[in-house]
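Q: Based on the hints, put chain E in the right spot on chain C.
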Amino acid sequence: MSETLNRYRVSTRRSAELALLVGAWLIGVFAWILVDSATGETSFGGWTSLLSAGILLLITHGVVRWQAPYADPLLLPSVAALNMLGLAMIHRLDIAAAQRAISNGSPMPTPDVYLQLTWMLVGLVAFMLVLFFVSDHRRLQRFTFTAGFAGIALLFFPLLPIIGSEVNGARLWINFLGFTFQPGELTKVALTIFFAGFLVTRRHSLALVHKKILGVGVPRGKDVGPLLLVWFAALLVLILERDLGTSLLLFGLFIVMLYVATGRRSWVLIGSALLTVGGALAYQAFGHVRVRFNVWLDPFADANGSGFQIVQSLYGFANGGIFGTGWGQGYPQLVPFAKTDFITSALGEELGLMGLIAILLLFAIVVERGARAAVATRDPFGNLLAIGLTTVIGLQTFIVIGGVTRLVPLTGLTTPFLSYGGSSLVANYIIIALLIRISNAARAPEVTDAELVLRQDGDGSD
Amino acid sequence: MIRQINRVTAVIVVLLLALIINLSYIQVFKAGDLRSQAGNQRVTLTEYSRERGPILLGSEAIAESTPTLDALKYLREYGDGSNYASITGFYSVVYGATGIESEANNVLAGNDSRFFVDRLQQLFANREPKGGAIRLTIDPDAQAAAMKSLNGRTGAVVAIDPSTGAILALASSPSFDPNLLSSHDAGDIQATYEELNADPAQPLLNRPLAMTLPPGSTFKLVTAAAALESGNYVAESQLPGPTQINLPGTDVQLGNWNDKSCGPDDITTLQAALEISCNTAFAWLGMELGADAISEQAQKFGFESEFEVPMTAAISRFPADPNKPQTAMSAIGQFDVRATALQMAMVAAGIANDGVVMNPYLISQVLGPDLTVLQSTTPSAFGRAISVENSKILRDMMVGVVTKGTASKAAISGTSVGGKTGTAENAPGEPAHAWFVGLAPSDQSKVAVAVVLQNGGGATEVSGNSLAAPIAAAVMRAVLKQ
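Top line first, the protein sequences correspond to chains C and E. Numbered by my numbering, the letters in the first sequence go through residues 28 to 489 in order. Numbered by my numbering, the letters in the second sequence go through residues 1479 to 1960 in order.
Keep in mind the hints are simulated off the structure, nothing from the lab. There may be inaccurate statements among the hints.
As the list claims (entries may be wrong) - Listing some non-contacts, in silico: residues in chain E with all C-beta distances to chain C over 12 Å:
#1 1537
#2 1559
#3 1560
#4 1672
#5 1690
#6 1714
#7 1725
#8 1762
#9 1766
#10 1768
#11 1816
#12 1865
#13 1919
#14 1958
Unchecked claim - A few chain C residues that face chain E, going by a derived Cβ cut-off under 8 Å, partial list only:
#15 287
#16 330
#17 346
#18 349
#19 358
#20 379
#21 383
#22 391
#23 410
#24 414
#25 422
#26 429
#27 434
Said to hold, decoys possible - Per label pair, the in silico range of CB-to-CB distance:
#28 C:129 - E:1673: 27 to 37 Å
#29 C:356 - E:1848: 20 to 30 Å
#30 C:163 - E:1502: 42 to 52 Å
#31 E:1851 - C:333: 50 to 60 Å
#32 C:315 - E:1668: 27 to 37 Å
#33 E:1630 - C:317: 49 to 59 Å
#34 C:172 - E:1480: 20 to 30 Å
#35 E:1589 - C:180: 53 to 63 Å
#36 E:1547 - C:320: 36 to 46 Å
All residues carry an ideal CB built from backbone N, CA and C; glycine is no exception.
In isolation and in its complexed conformation, chain C is listed as follows:
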């Protein structure tokens, strides 16, 4: 009887995940040790932090093993490695801030790494809760409009008085019980669920019913409606919260999902046209957009003013060169917002081009594995949701790293899993949990009634 079972048993690859997870943790441990030895810093109590991070990851692995045994084994270790590298760099920048405080005689700043570690805990707990409560991703389709409403509501939360708060000219945060939270990060998850649920039911009418104009298939007005609505919402966010990054991300996400759902390239053309028009209007209407754009064209024109951030970032990359200065031996603290938006330049300076390529390969693995889950899952909603979530991570990585390297204009987003910032970490762990859930469904053996009977027998005899 057990021989019959083995024929159907799919390798779960959990041991591979565990081994890779230990490897990911060790990368963080070594990075941390190197930071401490290079800076001569020993007072940070790193071992407790590193051990708690390790135990957290082990528990998470256990939950994956239990709740999603067939899940993709690379997703969790990849993001864990990024998370650990981010922690090490935040720790390194904490030391720089502390040294600066000592030399200036100013009060010691509170290290950020412990808070980030707490957010890692929150993120992994959220990850586990998603695995517990979303036992089948298809059930999320029921919450399509709830998610859509929640997503839009979260997006406009920071505009509310009292709880909304403005940082560096952008109104993206809410204050809640002493914590600041960036609800836009959760919006991207909610809206992906909404888009997937919405499009999966309308994709045929969107795809098939259209008029031909100039040889290009143009959808009917009533089908274009939702697209225009989201375009308008994205623009509104851009205007009201000055959040160029999120609006670009959400808009790009919607175009990708429309394209995947309908298979119509015309959506990409229309989307790009609307993006161009929106961008041009924003350039005309808003000073800060103009400044961003001009800084992108020539950051050195105002190297000590509007171009300061990007110029300092480029200096950091240049100082790193191919192999980097080594952990703790560069000057990443010279770049403003090194822990958040510009953490890539900090990593680029100390780990060099080689380190950054390794980091980008980790992101590429996440994208590839997410896409694999999207392809392999058997339901259209799952296809759409998985590619949407994958796109969120891939596109956000491109927008922020492209921004700090001057490939595209700087818009200001966190780098997934690396940057300091709780909302981003929690939202991205939720995304990975959903991808793991979908990949589990994709890789789990299709169970027939006969096999179920066999299994139950097997369970009894074990």
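A: Just chain E now, with coordinates in the frame of chain C:
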């Protein structure tokens, strides 16, 4: 839907690839440009994070780096700052480096290729990289004597070891404290620099190397050398030395400094003319020799050449194609003749060194971070200026200047000192420059020296003997340890 998913994935992977390509461009191809951008603090910070090597006189450091607690990990300190400012220069976060700090930066910062093996060892031993050291030729006693004697007056002193060209003293006055420009406080540095830069006394000017002035009567040594080298004159040759002579083609009467005739019947000798600094005799001699001969002789002493000690000295000049009256004036170091103190010290040094002018230098040794000698400077000859015999004659004549003539205040008891004073005319109404060049002892000279006090250093009565000669005597005594 699957096909679209694959396409979207491909696009995202292409975007990530674009990031890698762009990063390669920035971190590999553009990195050099970005590093050298003005305003990029990282280069400075990296330099300051390493212990910069000391500048040594013997085993004493006159510039060294000490660890600090701030972002720039080492502070450059100059123990006797203002005494050596013209040599060390400063090492500033804001204004970069000057002097030896700038010229020997590769060694001091540890970037020199000679440290390659050393750097490898440091890498494996995980030691902090450290810069190499520079040992100078400066004699601390001579430098101190020069600075003390100048006493803040506007002027310069150069002392050279005639046999090697090693610079024993290089004093510039008024000086400044390089510590104030090498601190870590950009605001302080800027304030100090602006104040020094605005000072009419120009304390930042490296006078012995950068300031060219008419050398006045000290240039008569060059004219006398040209006369001896022509083969037509000896020390006893008779020259006309009237109270004043008419410069041909003009109605200008050139007179002697004491408005007296240079000898009975207005006749003097070359030797006597030098001793009493007879203008009319040398003006006549200049016209007889011709501008080309004097110019050629001046060039053999180093005029019209650029010297790097390693700081680049200003080029000393003899006017090109002067007419007769201009030649007469040039022969006594006036008109458009311009010389640095370094150049006039080289004239004395050439005469002292049997006629061979040595290339002047400040760096005697380059040392590794562990102070092992990596390189010692080998003295090199610039060229022969005069014959051995004529150098002997000139030395004797110069001794006569001190013992019987105008440079009595350069005398050092127990040592035969040779010298020549100069009081260089200036623009009307401005005080003259007081000069002295000398050598000691006259046989087997150990030191050649040039002193100049710009506009007499503020004195009302300007004379080379009263103002410049005592300074030279003090410096020579310091070198000879007397």
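Q: Work down the list of hints and note, for each, if the structure agrees.
A: Okay, the hints, checked on the actual structure:
1. With a cut of 12 Å on Cβ distances, residue 1537 of chain E stays outside the contact zone with chain C, its closest approach being about 31 Å.
2. Residue placement check: residue 1559 of chain E keeps its beta carbon more than 12 Å from all beta carbons of chain C (closest about 24 Å).
3. Consistency note on residue 1560 of chain E: stated as away from chain C, and its beta-carbon is indeed over 12 Å from all of that chain's, at 28 Å minimum.
4. Listed as a non-interface residue, residue 1672 of chain E keeps its Cβ farther than 12 Å from every Cβ of chain C; the least gap is roughly 20 Å.
5. Even its closest Cβ contact with chain C, about 39 Å, leaves residue 1690 of chain E beyond 12 Å, as expected for a residue assigned away from the interface.
6. Every beta carbon of chain C lies more than 12 Å from that of residue 1714 of chain E, the smallest distance being close to 73 Å; the non-interface claim holds.
7. No beta-carbon of chain C comes within 12 Å of the beta-carbon of residue 1725 of chain E; the shortest separation is about 60 Å.
8. With a closest Cβ-Cβ approach of about 65 Å to chain C, residue 1762 of chain E is found to remain outside the 12 Å limit, as its non-interface label requires.
9. No beta-carbon of chain C comes within 12 Å of the beta-carbon of residue 1766 of chain E; the shortest separation is about 64 Å.
10. Under the 12 Å C-beta cut-off, the non-interface status given to residue 1768 of chain E relative to chain C holds; the minimum distance is some 59 Å.
11. Every beta carbon of chain C lies more than 12 Å from that of residue 1816 of chain E, the smallest distance being close to 42 Å; the non-interface claim holds.
12. Every CB of chain C is more than 12 Å from the CB of residue 1865 of chain E (nearest about 59 Å), matching its label as outside the interface.
13. Annotated as non-interface, residue 1919 of chain E keeps its C-beta farther than 12 Å from every C-beta of chain C; the closest such distance is 56 Å.
14. Residue placement check: residue 1958 of chain E keeps its beta carbon more than 12 Å from all beta carbons of chain C (closest about 49 Å).
15. With 8 Å as the threshold, the beta carbon of residue 287 of chain C comes within range of chain E, its nearest partner Cβ sitting at about 4 Å, so the hint holds.
16. Interface hint status for residue 330 of chain C: upheld, as the beta-carbon distance to the closest one in chain E is roughly 6 Å, under 8 Å.
17. The closest approach between the C-beta of residue 346 of chain C and any C-beta of chain E is roughly 5 Å, which is under the 8 Å cut-off, so the hint is satisfied.
18. For residue 349 of chain C, the interface hint holds, the least distance from its beta-carbon to any beta-carbon of chain E being 6 Å, beneath 8 Å.
19. Contact between residue 358 of chain C and chain E, as hinted, is supported at the beta carbon level, the nearest pair being about 5 Å apart and thus within 8 Å.
20. Look at residue 379 of chain C: its Cβ gets to within about 7 Å of chain E, closer than 8 Å, so that hint holds up.
21. The criterion of a C-beta within 8 Å of any C-beta in chain E is met by residue 383 of chain C, whose closest approach is roughly 6 Å, and the hint holds.
22. Taking 8 Å as the C-beta cut-off, the interface hint given for residue 391 of chain C holds, the closest approach to chain E being about 5 Å.
23. Interface restraint check for residue 410 of chain C: the shortest CB-CB distance to chain E comes to about 5 Å, inside 8 Å, so the restraint holds.
24. At a threshold of 8 Å, the smallest CB-CB gap from residue 414 of chain C to chain E is about 5 Å, leaving the interface hint in force.
25. Of the supplied interface hints, the one on residue 422 of chain C holds, with its beta-carbon coming within about 7 Å of a beta-carbon of chain E, less than 8 Å.
26. For residue 429 of chain C, the interface hint holds, the least distance from its beta-carbon to any beta-carbon of chain E being 6 Å, beneath 8 Å.
27. At its closest, the beta carbon of residue 434 of chain C sits 5 Å from a beta carbon of chain E; the interface hint therefore holds under the 8 Å criterion.
28. Against the hinted window of 27 to 37 Å, the Cβ-Cβ separation of residue 129 of chain C and residue 1673 of chain E comes to about 31 Å, which satisfies the hint.
29. Range check, residue 356 of chain C to residue 1848 of chain E: about 23 Å between beta-carbon atoms, so the 20 to 30 Å window is met.
30. Judged by the Cβ atoms, the range 42 to 52 Å given for residue 163 of chain C and residue 1502 of chain E holds: they are separated by roughly 44 Å.
31. Take residue 1851 of chain E and residue 333 of chain C: their Cβ atoms lie about 52 Å apart, and the range 50 to 60 Å holds.
32. Checking the proposed 27 to 37 Å range against residue 315 of chain C and residue 1668 of chain E shows it holds: the Cβ atoms sit about 33 Å from each other.
33. Between residue 1630 of chain E and residue 317 of chain C the Cβ separation comes to about 58 Å, which falls inside the hinted range of 49 to 59 Å.
34. Remark: the range hint 20 to 30 Å for residue 172 of chain C to residue 1480 of chain E is upheld by a beta-carbon distance near 27 Å.
35. For residue 1589 of chain E and residue 180 of chain C, the Cβ-Cβ distance of about 59 Å falls inside the hinted range of 53 to 63 Å, so the restraint holds.
36. For residue 1547 of chain E paired with residue 320 of chain C, a C-beta distance near 42 Å keeps the hint of 36 to 46 Å intact.
Comparing the model with each numbered hint stated earlier shows that all of them hold.
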